[in-house]
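Peer 1: Line by line, the protein sequences give chains H and B.
Using numbering that gives the first Met the number 0, read the first sequence as starting at 0 and increasing by one per residue.
Using numbering that gives the first Met the number 0, read the second sequence as starting at 0 and increasing by one per residue.
Incorrect hints may appear among the rest.
Some chain B residues flagged as far from chain H (calculated, every beta-carbon gap over 12 Å) [unchecked claim]:
id, residue
1, A27
2, L137
3, A258
4, V303
Straight-line distance between alpha carbons at most 20 Å, and here's what the computed DMTMM-like set of lysine to aspartate or glutamate pairs gives [unchecked claim]:
id, chain 1, residue 1, chain 2, residue 2
5, H, K294, H, D123
6, B, K149, H, E259
7, B, K154, B, E173
8, B, K196, B, E317
9, B, K149, H, E93
10, H, K294, H, E8
Worth flagging that the hints you see were computed from the coordinates, not collected in a lab.
Positions of the beta carbon are idealized from the N, C-alpha and C atoms, including for glycine.
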Amino acid sequence: MGGFQFFLEVLIGGLLSGVMYSLVALGFVLIYKASGVFNFAQGAMVFFAAVTFVGIMELGLPFWAALLVTIGVMVLLGMATERFVLRPLVNQHEITLLMATIGLTFVIEGVAQLVWGVGVRRLDLGIKDVPLPWLADNTGIFISQLDIFAAAVAGFLVATLALLFAKTDTGRALRAVADDHAAALSIGIPLKRIWALVWAIAGIVALVAGMLWGARSGVQFALVFVALKALPVLIIGGFTSVPGVIVAGLIVGASEKLAEVYIGPSVGGGIESWFPYVLAILFLLIRPEGLFGEKIIRRV
Amino acid sequence: MFYREAGQFRTSYAQDSQIFPLRQDRLAMIALLAVAFLLIPAVASDYWLRALLIPWLIFSLVAMGQNILTGYAGQLSLGSAGFMAVGAFACYNLMLRVDGMPFLVALVLSGLCAAAVGVAFGLPSLRIRGLYLAVATLAAQFFIVWALDKFGWFKNYDPSGVITAQPMEILGYEFASPQAKYLLVLAIVAGLALLAKNMARGATGRAWMAVRDMDVAAEVMGLPLMRTKLQAFAISSFYCGVGGALFAFAYLGTVEPSAFTIDLSFRILFMIIIGGVGTILGSFLGAGFILLLPILLSVVFHAVVGQAVDASVVSAVELIVFGSLIIIFLIVEPHGLARLWQVTKERLRLWPFPH
Chain H
0 MGGFQFFLEV
10 LIGGLLSGVM
20 YSLVALGFVL
30 IYKASGVFNF
40 AQGAMVFFAA
50 VTFVGIMELG
60 LPFWAALLVT
70 IGVMVLLGMA
80 TERFVLRPLV
90 NQHEITLLMA
100 TIGLTFVIEG
110 VAQLVWGVGV
120 RRLDLGIKDV
130 PLPWLADNTG
140 IFISQLDIFA
150 AAVAGFLVAT
160 LALLFAKTDT
170 GRALRAVADD
180 HAAALSIGIP
190 LKRIWALVWA
200 IAGIVALVAG
210 MLWGARSGVQ
220 FALVFVALKA
230 LPVLIIGGFT
240 SVPGVIVAGL
250 IVGASEKLAE
260 VYIGPSVGGG
270 IESWFPYVLA
280 ILFLLIRPEG
290 LFGEKIIRRV
Chain B
0 MFYREAGQFR
10 TSYAQDSQIF
20 PLRQDRLAMI
30 ALLAVAFLLI
40 PAVASDYWLR
50 ALLIPWLIFS
60 LVAMGQNILT
70 GYAGQLSLGS
80 AGFMAVGAFA
90 CYNLMLRVDG
100 MPFLVALVLS
110 GLCAAAVGVA
120 FGLPSLRIRG
130 LYLAVATLAA
140 QFFIVWALDK
150 FGWFKNYDPS
160 GVITAQPMEI
170 LGYEFASPQA
180 KYLLVLAIVA
190 GLALLAKNMA
200 RGATGRAWMA
210 VRDMDVAAEV
220 MGLPLMRTKL
230 QAFAISSFYC
240 GVGGALFAFA
250 YLGTVEPSAF
260 TIDLSFRILF
270 MIIIGGVGTI
280 LGSFLGAGFI
290 LLLPILLSVV
300 FHAVVGQAVD
310 ASVVSAVELI
320 VFGSLIIIFL
330 IVEPHGLARL
340 WQVTKERLRL
350 WPFPH
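I would like the entire structure built from these sequences, with the hints used as guidance.
Peer 2: Pasting the structure below:
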C-alpha cells in the first residue's frame with residue numbers, strides 16, 4: 000500500500016506542478032492566439048510581475064493596493080511592447096518576431112534587475128506550502144495546500160478565458176485577428192485596440208503565474224527559465240488552444256515527476272531537465288499541431 | 000569614383016565565378032590576410048590576442064555554423080552550444096584515449112562526432128518546422144549537457160568536474176604562446192570560412208536557400224529534402240563542434256559542460272541576427288559585435304559614471320542595451336551589419352553621384 004500511496008503522491012504532485020506550468024503557458028497561448036506572435040518574453044514578464052508586486056509591497060503598500068498597481072504596470076508593459084516592438088515588425092516572418100521577443104526578454108530582465116536589484120524575495124500569499132492536514136491524516140498522501148490553491152486559480156482562469164474566446168464578441172474578434180490581420184482590419188475590427196487588450200490580459204495572466212510561482216519557490220531570477228519549461232506544454236497542447244494548455248500541463252508535469260522518480264535513479268537523476276522536451280518531440284512527430292491545436296495548413 | 004569596376008573585364012568562366020571578381024576586393028582581401036597573419040601577431044599585446052581576437056575567431060566559426068543552419072537552410076536552431084560541447088569533449092577524449100593522436104586529426108574527428116550528433120537531433124526537422132524545430136533543438140541542448148555531465152566517462156571520472164585541456168601540438172611544435180594559438184586558430188577559421196563561402200555559393204548553398212524559402216516547392220522541384228536538411232545539420236554541427244573544441248583548447252584551456260549553456264546558444268543566435276542572417280561576413284561582424292559590446296559598455300560606464308557603480312547595475316544596463324539593440328536591429332535592418340556593409344559598398348561604387 001505504501002508504494003501505491005507514494006505513486007499517487009508523485010502523480011498528484013506532478014499534476015499540480017503541471018498546472019503551474021500551464022499558467023505560464025497560458026500567457027503564450029493568449030498572445031499567439033490573438034496575434035500570431037510567439038512571445039518568448041512571457042517568462043521574463045512572469046518574473047517582472049512577481050518582482051514588481053513584491054517590491055511594491057516592500058515599499059509599504061498593502062496587498063490589494065500593490066496588486067492593483069502591479070496590474071497597471073503589467074498592462075502598461077504589455078501595451079508598450081505591442082506599440083514599440085511588435086507594431087514596427089507587423090508583417091515580418093515569425094522567426095523575426097520570435098527573435099524580437101527574445102530581445103525583449105533581455106530588456107525586461109535588465110529593467111527588473113536595475114529597478115529591483117538581485118536577490119531572492121519571499122512572497123506571502125497567506126497560504127502555506129504545507130500538506131493538507133485532513134488528507135495526510137486520512138490517506139497518508141501529502142499534497143501541498145498551495146499547489147491545490149494554484150490549481151484552483153488556474154482552472155478558474157482557463158475556464159474564464161476559454162469562455163471569453165468562445166462565447167463573447169471580443170473573443171471572436173481576437174480569433175479573427177489571429178487568423179488574418181488584413182482581413183480582420185478590412186471588416187472593421189480595431190486592430191490596435193485588440194492587440195493592446197490581448198497584451199494586457201497576457202500581462203495579468205503573467206502576474207497571476209508570477210505570484211503563484213513566487214509563493215512556491217521565492218521570487219528569484221530563475222523564474223525566467225520557467226518559460227522554457229512551458230514550451231513543451233505548448234507543443235503538446237497546441238499553440239492555439241486554451242483548454243489544451245491545461246491538459247498538456249498535466250501531462251508534462253505528471254510525466255516529468257514520474258520519470259524523475261522511477262526512471263531517474265537508473266541513469267543518475269536530473270532527467271527533469273530534458274524529459275519534457277523529448278516527450279514534446281515525440282508528440283510532434285506523431286501530431287505536429289499538438290493535441291488540441293488547429294491543423295497547420297501551409298500553402299505553397 | 001573610388002570603387003570603380005570600369006575597365007575590369009572577365010574573359011573566362013573561372014574569372015567570372017571568383018569569390019572576389021573585382022581587383023579592389025581581391026587586393027583588400029590579400030591585405031586583410033597579410034595584416035591578420037603577419038602584422039597582428041607581431042604587434043598585438045597578449046591581452047588583445049587572448050581575450051579579444053582568439054574568442055572572436057572562434058565565435059565567428061561557431062556563428063558560421065549557426066548561419067549555415069539558420070541563415071542558409073532556414074532551420075531555426077537553439078542547440079549550437081550543445082554541439083560545441085560535443086566537439087570539445089570529443090576532442091578531449093580522442094586526445095586522451097588514443098595514443099599519439101595528432102591534434103588536427105582529433106579536431107576533424109571531433110567535428111565529425113558533432114556532425115553525427117547534429118544529424119541525430121536534426122531528424123525531427125524532416126517532420127517539424129519553424130518554432131517547433133527550435134524547441135526540438137532546445138531538447139538537444141539540454142540533453143547533451145546533461146549527458147556530458149552525468150556520465151563520468153566523458154570527463155574521465157575526474158572528481159573536480161573541470162578538466163584541463165591537453166596542449167595543442169602539430170608535428171612536435173606545441174602551440175602554447177598566445178601568438179601561436181592565434182595563428183593556429185586563424186588558419187583553421189580562415190580555411191573553414193573559405194570552405195563555407197564556397198559551399199554557400201554553390202549548388203549546396205542554393206539547395207539550402209531553396210529549402211529555407213519554400214521547402215515544399217523545393218521538394219516538388221526535385222531537391223532531395225531529407226538529404227539537404229540533414230546535410231545542413233551535419234555541416235553546421237561540424238563547424239560548431241570544431242569551434243567548441245577550439246573554444247575549450249585554445250581559449251578556455253578547460254573542458255566543462257557548464258561552459259556550454261543555453262545562454263551561449265542564444266548569444267550565438269544573436270551574433271547571426273545582428274551580423275546578418277545568411278552571410279559569411281555577417282558571422283564575423285556579429286561575433287565581433289557581441290564580444291565587444293560588454294567591454295564597450297563597461298568602458299563607457301566607467302568613463303561616464305565613475306567607479307562607484309555596482310556590478311549588478313552594470314550587468315542590468317548591459318542586458319537592457321543588448322536587448323534593445325536586438326530589437327532595433329530587427330526593426331531597422333533585419334539583414335544585419337552585413338547588409339549595411341553591402342549598402343556601403345553600393346554607395347561607394349556610385350559616389351559622389353547619387354545614382
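Peer 1: Give a verdict on every hint.
Peer 2: Hints versus structure:
For B:A27, the non-interface assignment is confirmed: its Cβ lies about 31 Å from the closest Cβ of chain H, beyond the 12 Å cut-off. The Cβ of B:L137 does not lie farther than 12 Å from every Cβ of chain H; its closest approach is about 6 Å, which violates its non-interface assignment. Consistency note on B:A258: stated as away from chain H, and its beta-carbon is indeed over 12 Å from all of that chain's, at 17 Å minimum. Against chain H, the non-interface label of B:V303 holds: every CB pair exceeds 12 Å, the least being about 15 Å.
Taken as a hint, the H:K294 and H:D123 pair is broken in the structure, with Cα atoms around 42 Å apart against an allowance of 20 Å. Of the pairs offered as hints, the one joining B:K149 and H:E259 holds, with about 14 Å between alpha carbons and a cut-off of 20 Å not exceeded. Restraint check for B:K154 and B:E173: not satisfied, since their Cα atoms lie roughly 23 Å apart, outside the 20 Å limit. Under the criterion of a C-alpha separation no larger than 20 Å, the hint pairing B:K196 with B:E317 is inconsistent with the structure, at around 33 Å.
At most 20 Å may separate the alpha-carbon atoms for a hinted pair to count; B:K149 and H:E93 exceed this at roughly 36 Å. In summary, the hint linking H:K294 to H:E8 is not supported, as the alpha carbons are separated by about 36 Å, beyond the 20 Å threshold.
Hints 2, 5, 7, 8, 9 and 10 from the list above are not met by this structure, while the remaining hints are.
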